[in-house]
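Below, each chain spelled out in residue letters.
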Amino acid sequence: MTDREELAELSNQLAPIDVAHASAERIAGRARPSVGRGPSPRRLVEPAAVVLLTAGFLAWMVLKLVEVLG
Amino acid sequence: MRYPRVETDERACVDGLRRGDPAAFDAAFAAYRSRIYGYLLRMTRRRDIAEDLLQELFLRLAQHATKLAADTRLGAWLFTVAHRLMVSWVRAQAVRAQLAGDLMHVDPTATERSPLEALAASEGQRALERALDALAPAYREVVLLIAHEGMQPGEVAAILGIRADAVRQRLSRARTQLAEALGDQAPASWRTA
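Residue numbers (the working numbering), protein chains in the order written: chain A, 25 to 94; chain B, 1155 to 1347.
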């Protein structure tokens, strides 16, 4: 027998496992409404805000630098 | 629309997911939830974490449903994402442990008794769960995916992002370590080999 076959035979003895029914319902219930909808647009708001603030701050710094040097 | 079990007609399920049909999602969830939960629980050894990762996994499936390729192998896709989520969790735990200045607790579950032992119905099953727990996570993962899930080394290599040779090597070492850990409780054929 190969390692694979021997281990498969052994792992057949492992106890079956399943997530608790209530947890399974909760998980499916949370995910199901997202089918075909993609990630919520709200997940993009935070990174977009950070990018805008950072870009604004960098632009302000460059302007200040030009002002001081000029 | 009713969907057949994913094992017997995965294509129909993938087609339904690509159309954004919630019934296809339900079929995929029913077919894979226990298999993936078992994998996550045996890798993380924590029910709460396994449930959280399972939820994140199926949320990602729902969100990516319409973007799946027509030839997507759903089982491989789900186990690949589950593996990545599990690795991210392990890394986050390691960072947390380092921030806490407690490098001895990189794996905080290492000293906890496995919840799987409680599920075991016999001393043989308990011994097997303990032996599996004692394996290095990389070896345990290969045993679970190949021996328990019946995947081919090539499939597992793709999921883990390693070579098929490395998968076979891990499997061989895992078998040796399991035989040592099980001692007298190892299958008779292992002891005579």
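Simulated from the structure, these hints should not be mistaken for lab results.
Keep in mind the model is a prediction, meaning the values are calculated, not measured.
Each residue gets a CB set at the ideal place from its N, CA and C atoms; glycine is no exception.
Wrong hints could be hidden among the right ones.
Said to hold, decoys possible - A few chain B residues facing chain A, derived, Cβ under 7 angstroms:
1. G1174
2. P1176
3. Y1191
4. Q1209
5. Q1217
6. W1231
7. T1234
8. V1241
9. S1242
10. W1243
11. V1244
12. Q1252
13. V1297
14. I1300
15. Q1323
Stated by the list, open to error - Label pairs and their in silico Cβ distance ranges:
16. A1246/B with P40/A: 26 to 34 angstroms
17. P57/A with G1304/B: 44 to 52 angstroms
18. A1230/B with M85/A: 21 to 29 angstroms
19. M85/A with T1234/B: 41 to 49 angstroms
Comparing the hints with the structure gives:
Checking G1174/B against chain A by beta carbon gives a least distance of about 2 angstroms; that is within 7 angstroms, so the hint holds. The restraint placing P1176/B at the interface with chain A holds, with a minimum CB-CB distance near 5 angstroms, inside the 7 angstroms limit. For Y1191/B, the interface hint holds, since its Cβ comes within 7 angstroms of a Cβ in chain A; the closest pair sits about 4 angstroms apart. For Q1209/B, the shortest C-beta to C-beta distance to chain A is roughly 4 angstroms, which falls under 7 angstroms, so the interface hint holds.
Taking 7 angstroms as the C-beta cut-off, the interface hint given for Q1217/B holds, the closest approach to chain A being about 5 angstroms. With 7 angstroms as the threshold, the beta carbon of W1231/B stays out of range of chain A, its nearest partner Cβ sitting at about 15 angstroms, so the hint is violated. Below 7 angstroms, beta-carbon pairs count as interface contacts, and T1234/B has none with chain A, the closest being about 18 angstroms; its hint is therefore violated. The restraint placing V1241/B at the interface with chain A is violated, with a minimum CB-CB distance near 21 angstroms, outside the 7 angstroms limit.
Using the Cβ-Cβ criterion of 7 angstroms, the hint placing S1242/B at the interface with chain A is not satisfied: the shortest such distance is roughly 17 angstroms. Nearest Cβ of chain A to the Cβ of W1243/B: about 16 angstroms, over the 7 angstroms cut. The hint is violated. The interface hint given for V1244/B is violated, since its Cβ lies 20 angstroms from the closest Cβ of chain A, which is over the 7 angstroms cut-off. Restraint check, Q1252/B versus chain A: the minimum CB separation of about 25 angstroms is more than 7 angstroms; hint violated.
Contact between V1297/B and chain A, as hinted, is supported at the beta carbon level, the nearest pair being about 6 angstroms apart and thus within 7 angstroms. The criterion of a C-beta within 7 angstroms of any C-beta in chain A is met by I1300/B, whose closest approach is roughly 6 angstroms, and the hint holds. A least Cβ separation of about 10 angstroms between Q1323/B and chain A goes past the 7 angstroms threshold, and the interface hint is therefore violated. Between A1246/B and P40/A the CB atoms are about 29 angstroms apart, so this pair conforms to the stated range of 26 to 34 angstroms.
A hinted range of 44 to 52 angstroms for the beta carbons of P57/A and G1304/B is inconsistent with their spacing of about 33 angstroms. Our hint of 21 to 29 angstroms for A1230/B and M85/A is violated, since their Cβ atoms are close to 48 angstroms apart. At about 43 angstroms, the CB distance of M85/A to T1234/B agrees with the hint of 41 to 49 angstroms.
Of the hints listed earlier, those the structure fails to meet are numbers 6, 7, 8, 9, 10, 11, 12, 15, 17 and 18, in rising order.
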